[in-house]
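A.B. asks: Sequences listed follow chains A and B, in order. Using our numbering, the letters of the first sequence correspond one by one to residues 1264 to 1413. Using our numbering, the letters of the second sequence correspond one by one to residues 248 to 387.
Treat each hint with caution, since some may be false.
What the hints assert, rightly or not - Facing chain B, from chain A, some residues (calculated, C-beta under 8 Å):
#, residue
1, 1341
2, 1361
3, 1364
Simulated from the structure, these hints should not be mistaken for laboratory data. The beta-carbon is built from N, C-alpha and C at its ideal position, and this holds for glycine as well.
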Amino acid sequence: MERIAKKPSTAMSTKPPFVLEGIDHILLLVNGMKPAVEFYAGVLGCAVEGALPQYGMLQLRAGAALIDLVDISVPEASWAKPPVAGGRNFDHLCLALGAHDEAKLRRHLARHQVEIIEEGVHGGSRGESLSLYVRDPSGNVIELKGPPPD
Amino acid sequence: MSKAPFKIKALDHIVLRVSDRDRMVRFYCDILGCTMEREQAEIGLTQVRAGQSLIDLVPVAGKLGRMGGAAPGKEGRNLDHFCITLDGYDEAKIRAYLTAQGVEIGEAGSRYGAEGEGPSLYVSDPEGNIVELKGPPWNA
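Based on the provided sequences and hints, a complete structural model is requested.
C.D. replies: Set out below in structure tokens:
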């Protein structure tokens, strides 16, 4: 899928004619849709919002944003399949969680055999708070981050 | 499946693995208008703000980046693209502006996003990541 065309460059510095509001969605590559849906919908609670089987895609709701998944193991998603496997242009994705009971969250992950691979108190877009890092079934790292303490 | 004991509110941030940090900062800050939020040079992390979200840039050769596996490249990726919502979407103006800045512009179209169907445009950042710039939904 050829989506980007080269444009000539000329030097000129002005301000952008827009203001950035936030990340709307992200399109992640996964290997196998069934385990991915079990994770994003079943464990994280994202609702499936749209299906584009002709592109090997599902759209899941993550609060104000969407997580789109494209299953590169099916022929319909050949447009998204990278020529070289294993390259990582993206380290991880962080989901902002609402206020929750940390112990319950840990138990929930354990019950679903989702391993916490790392944790710590880091800064996010809302400030410093505890982050738990997990992997989706395709190995993409997802950071689960609650609101900063009051 | 048990019900999740939390609610996802939004995408807080995404972390891109980059080769040339300075060039990427110029693109995201000087061209797209992100603001510098925090810099931790000792671990190799630059955080820029895009509205309510952050975009983190992690040089692959830095401390954090070295822990993150194979290097990125146009040919090898695990993220197809990400999309930023814009306030103010005048396609002609955006095209003229980005072209003047030397940004590679892709197809414009009407696409589905978190707020519904609306106009959008694909661009490429200096390292080949595809960034979708999206206006408000048609019915807004």
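A.B. asks: Hint by hint, work out which the structure violates, then give me just those numbers in ascending order.
C.D. replies: Failing hint: just 1.
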